[in-house]
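K.L.:
Residue strings, one per chain:
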Amino acid sequence: MTVAEETSPASPRTPSPLLTFWRTFKRNRMALVGLGMLALIVLLAVFAPQVAPYDVTRAVDVTIGDIYQPPSGTHWLGTDDAGKDVLSNFFFGARVSLIVGFFAAFISVVIGGVMGIVAGFYGGRVENILMRFTDIMLVIPDLPLMVVIVALTKPNLINIIFVIGLLGWTTTARIVRSQTLAVKSRKFVLRARAIGAGNGHIILHHILPLVMPLLVVNAILVISLAILNESALSFIGLGDPTALSWGQMLNYAFGRGAMSAGAGWALVVPGLGIVWVVLSLTLLGHGLEQVLNPRLDTHHLMPGRPAVQGEAGAPAVGPEGAPVMLDVQNVSIHYFSDGKSPARAIENVSFRLRAGELMGLVGESGCGKTTLMLALLRLLPAAGQIVNGRVLFGGRDLTALGEAELADVRWKGVSIIFQGAMNALNPVRTVGDQIAEAILCHDPSYRSRRAGRDPRLDRRVAELLDLVGIAKDRKECFPHQYSGGMRQRAMIAMALACNPQVVIADEPTTALDVMIQAQVLELLDNLRRRLGLSIIFVTHDLGVVAEMCDSVLVMYGGVTAEYADVDTIYNSPRHPYTRELLKAFPDLSHPEKRLASIPGYPPRLDSLPPGCRFAPRCPQAFERCRAEQPVLHELNGGHFITCHLIETDRKRRSKDRQTLSF
Amino acid sequence: MKRTQYLLKRLGWSVFTIAFVLVLNFFLFRVLPGDPARAGVHDPRLKQEAVEAIRVRFGLDKPVINCFESLNPVRFGSCDVNPLETQFFIYVRNLFKGDLGISYHTNRPVAEILAERLWNTILLIGLGQILSIFLGVALGIFAAWKARTAIDYGALLTSLLAWSLPTFWLGIILLFWGSAHGLPIAGKATPGTSSWPLMQQWGDVLRHMLMPTLTYTIVYLGEYTLIMRSSLLDVLAEDYILTAKAKGLNTFQILKDHALKNAMLPLVTVIAINLGFTVAGVLQIEAVFSWPGLGGAIYESVLRRDYPILQGAFLLIAVAVILANLIADLTYSYLDPRVQSE
Chain L
3 MTVAEETSPA SPRTPSPLLT FWRTFKRNRM ALVGLGMLAL IVLLAVFAPQ VAPYDVTRAV
63 DVTIGDIYQP PSGTHWLGTD DAGKDVLSNF FFGARVSLIV GFFAAFISVV IGGVMGIVAG
123 FYGGRVENIL MRFTDIMLVI PDLPLMVVIV ALTKPNLINI IFVIGLLGWT TTARIVRSQT
183 LAVKSRKFVL RARAIGAGNG HIILHHILPL VMPLLVVNAI LVISLAILNE SALSFIGLGD
243 PTALSWGQML NYAFGRGAMS AGAGWALVVP GLGIVWVVLS LTLLGHGLEQ VLNPRLDTHH
303 LMPGRPAVQG EAGAPAVGPE GAPVMLDVQN VSIHYFSDGK SPARAIENVS FRLRAGELMG
363 LVGESGCGKT TLMLALLRLL PAAGQIVNGR VLFGGRDLTA LGEAELADVR WKGVSIIFQG
423 AMNALNPVRT VGDQIAEAIL CHDPSYRSRR AGRDPRLDRR VAELLDLVGI AKDRKECFPH
483 QYSGGMRQRA MIAMALACNP QVVIADEPTT ALDVMIQAQV LELLDNLRRR LGLSIIFVTH
543 DLGVVAEMCD SVLVMYGGVT AEYADVDTIY NSPRHPYTRE LLKAFPDLSH PEKRLASIPG
603 YPPRLDSLPP GCRFAPRCPQ AFERCRAEQP VLHELNGGHF ITCHLIETDR KRRSKDRQTL
663 SF
Chain S
412 MKRTQYLLKR LGWSVFTIAF VLVLNFFLFR VLPGDPARAG VHDPRLKQEA VEAIRVRFGL
472 DKPVINCFES LNPVRFGSCD VNPLETQFFI YVRNLFKGDL GISYHTNRPV AEILAERLWN
532 TILLIGLGQI LSIFLGVALG IFAAWKARTA IDYGALLTSL LAWSLPTFWL GIILLFWGSA
592 HGLPIAGKAT PGTSSWPLMQ QWGDVLRHML MPTLTYTIVY LGEYTLIMRS SLLDVLAEDY
652 ILTAKAKGLN TFQILKDHAL KNAMLPLVTV IAINLGFTVA GVLQIEAVFS WPGLGGAIYE
712 SVLRRDYPIL QGAFLLIAVA VILANLIADL TYSYLDPRVQ SE
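Protein chains in written order, with this note's numbering: chain L, 3 to 664; chain S, 412 to 753.
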């Protein structure tokens, strides 16, 4: 066994991919119905001689009276233009239609598959020539070309199969090529190549298995197109006169007076056969695609679940005296998905943000930081629900507001600087336009009565861009014309557009290089001082937190690990997670100290440990941690911590005190 | 600039594709068996003079292309043929003169017949496209917006069903149904109406167009719904939609100002690529409703084995589709600011 085979997706450790596939497939009703419909018609076609009431392949004497007989006991679906039983013709016609469909599609898929894999795998000149040719064939209309070729050659079944097959491969080639390109650079393919596997071997054993699922879905589509094309050719009069396909039945009925004879059955029945087969293939293909490429079909406009308000009672830290801007109390958030118990993404998180305060929200990826921030403005995806807690802002509970009132608070009261500003800005609208939109949305005084642009609005946009150091003539540019740092700064300008009181900066510096990071951070700190903003700063970077923040909320696995002012967090952290995090960052006062990373990853939400969520990685975990969830404890002076160690510490201390008093 | 370069590249590519179609068209009708002129030539009952006359009439006495028939690479180019006298050159020259040959059946110039018919096809395609795109896009938007609700599943199943209908069969059913309800069964106008007032004539044409257009709309409605739905679903899951929502825009504003343009962009390309399929549909619809368009012409010439018309119609359709693709490409480059800088 080669190294490459060990790491190929079909490694024996995971359950067989076919089994996993079947499990998902079973749940897809669309695919199941399609498969059932297809199986039925294939069975009827195979056993046509047994199920058909009449043998239509044998010549029998017919009289005028037999033609276009309406449905009756002897002919359930009536008779056709030749006096033959329509039902029997239907069963035998299924054979012809299906044979043409399957064989023509086979030819198309083989040609398209080979072209796609060769083009994708070899690249360069070969790819260029093959794909150019595919592009040409793609724009030439199929059916007229088929008509011309079949009309020029003899219309027999073999010719028709080849013509349809030889013209139907373009989409397959394109899809297979792009899949091959995507697969080609995967690790195990590169590894197979490194240990000297030949091209043929790589294609056959590594690329083909990964291209196959897509090829199957495409083949199903190609079969249905081939069947439709065959029926259209037959209907136009280019079918094989000796093979009575459904299209041919329709051609004869339509051309030989079924319409004027009022013989609707001869026109309806064969067409229903085509619809049945094509629909079954379409359903199967569509369902398979959903199984193989599960796109969740969720989006930001789907109505979310209503928030559940809950218990109040919150801690307080931060600069004393300043008024509280945002008071988050006991917020819990669950994610719901079909057939699974809800994932407890956030549990009982509270914090209090005062005017002018900069709070750092720290934790590894997947600890629920972004979820919590989105929940504050009720921007969670449809599956997420606030199941408990309150978010008090300006005397109102944001979890209880209606959509219209909420829209008013969004951006004007609380705005968000999203992470990775590339996708957060609309690529087809100019930056200035997107900033102006926010202003227009919240300040009716800018809406000028004239249709043209309000010069004040222009000035305001320029002012905002100036604030973040972008030249005002760049406002007509599109996001892709900005550099990464500029986009992030433009996002900041946009977040400030409506003079919000609270700004949530969700990892604004991730994916930026160090110099730009420093610029953006300095800008944020500056703006806070100048505009008196309250900022929640979501980050991995403890160094930045130490430098800028007033208070720090450390989250782990959706719960508050530790929450205190910045000095306490850095000088006397109590939670093992905070300590481990601090160890993982360089300390300039002890440059000789080794950096330590925390082994393992944050827990998956669908498999949370029964006890403390950090217990599996905690160096100080003991038995209780693995069995019982710790609660939030308040130490002196607004220092909050969720850890069993605190209780043991306290007990020890009180014991100490008792011993002392004696 | 980059944009001009892009435009020139697309233009050059279209010219190349058209050239390919011209060559393909030429050889299809010469390499494949079945050409009546050739069949006539091989008919043993014909006299030698008649054979010669046919060969001369259809230009078959001239070499196809240089020494191509001999297929002898050594002799290639060294033989004594004037390139201006080859069948291929004459074919190309005639094309540039707008000469597509003479119809076997009516003895009229093919170009003249097709020109009359072209407008009828454009009328049908135009009306059908507008209706199916408009309705399909609207239904697709609605389905995507209401994703995972009964409305969405209903729209999805309806579209899949519409996609599965053979165009000609739906035409037959609607024709059958329409004729039972007093609608005309064939053609573009009732015979003998040319003396009617203009308004009445148009009304008559509209009555004739009703069922063909309905067929067209239903068949392509499903496809446009599916494309719009999946395209909009992708866009609505994008980060910038979340930004728009966080900015306080309402659902309507988000759909109108942030989602639709982005979701429509792929549709432009799909409409262009689909024109090939669209032509296939129109061919079938015109055959069913005896609509005097290009599709109808193809249908009739297949029955009569009128090859020059078949050849001309194929060429015309192919070139039209290629040009429509070019237009779609150019439109796309105007709509999407990102294309200009790539």
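Simulated from the structure, these hints should not be mistaken for laboratory data.
Take the hints with a grain of salt, since some may be wrong.
Computed, partial: chain S to chain L, Cβ under 7 Å [to be verified]: (1) T497; (2) F545; (3) L576; (4) W580; (5) I652; (6) V713.
In the DSSO-like style, the derived pairs of lysine-lysine whose C-alpha atoms are separated by at most 27 Å in a straight line are [stated by the list, open to error]: (7) L:K474 / L:K28; (8) L:K414 / S:K420; (9) S:K667 / L:K28; (10) S:K557 / S:K667; (11) S:K420 / S:K672; (12) L:K342 / S:K667; (13) S:K672 / L:K474; (14) L:K414 / L:K474.
Derived coverage of chain S by chain L (criterion: at least 3 residues anywhere in the stretch with Cβ under 8 Å from a Cβ of chain L; other residues may be distant) [unchecked claim]: (15) 504 to 515; (16) 611 to 617; (17) 685 to 692; (18) 723 to 734.
We put the CB at the ideal spot given by N, CA and C, even for glycine.
K.L.:
Work down the list of hints and note, for each, if the structure agrees.
P.N.:
Results for each hint:
Of the supplied interface hints, the one on T497 of chain S is violated, with its beta-carbon coming no nearer than about 21 Å to a beta-carbon of chain L, more than 7 Å. Interface restraint check: F545 of chain S against chain L, minimum CB-CB distance 22 Å, threshold 7 Å, status violated. Look at L576 of chain S: its Cβ gets to within about 6 Å of chain L, closer than 7 Å, so that hint holds up. The restraint placing W580 of chain S at the interface with chain L holds, with a minimum CB-CB distance near 4 Å, inside the 7 Å limit.
Among the interface hints, the one on I652 of chain S holds; its C-beta lies about 4 Å from the nearest C-beta in chain L, closer than the 7 Å criterion. Hint on V713 of chain S holds. Least Cβ distance to chain L is approximately 5 Å, under the 7 Å limit. Restraint check for K474 of chain L and K28 of chain L: the C-alpha separation of about 57 Å exceeds 27 Å, so the hint is violated. Only pairs whose Cα atoms come within 27 Å are accepted, and K414 of chain L paired with K420 of chain S is rejected, the gap being roughly 47 Å.
For the proposed pair K667 of chain S and K28 of chain L, the alpha carbon gap of about 38 Å is over 27 Å, so the pair is violated. Distance restraint check for K557 of chain S and K667 of chain S: the Cα-Cα separation of roughly 15 Å lies within the 27 Å cut-off, and the hinted pair is therefore satisfied. Simply put, K420 of chain S and K672 of chain S have alpha-carbon atoms about 25 Å apart, close enough for the 27 Å limit, and the pair holds. Taking the CA atoms of K342 of chain L and K667 of chain S, the gap is about 36 Å. The hint is violated against a cut of 27 Å.
Pair hint K672 of chain S plus K474 of chain L holds up; C-alpha atoms about 26 Å apart against a cutoff of 27 Å. For the given pair, K414 of chain L sits about 23 Å from K474 of chain L by alpha-carbon distance, which is consistent with the 27 Å threshold. Only residues whose C-beta sits within less than 8 Å of a C-beta in chain L count toward coverage, and the stretch 504 to 515 of chain S has 0 of them, not enough to reach three; the restraint is violated. Restraint check on the stretch 611 to 617 of chain S versus chain L: 0 residues with Cβ-Cβ distances below 8 Å, three needed, restraint violated.
Coverage of the stretch 685 to 692 of chain S by chain L holds in this model, with 5 residues showing a Cβ closer than 8 Å to a Cβ of that chain against a need of three. For the stretch 723 to 734 of chain S, the stated coverage by chain L holds: 6 residues have a C-beta nearer than 8 Å to a C-beta of that chain, and at least 3 were required.
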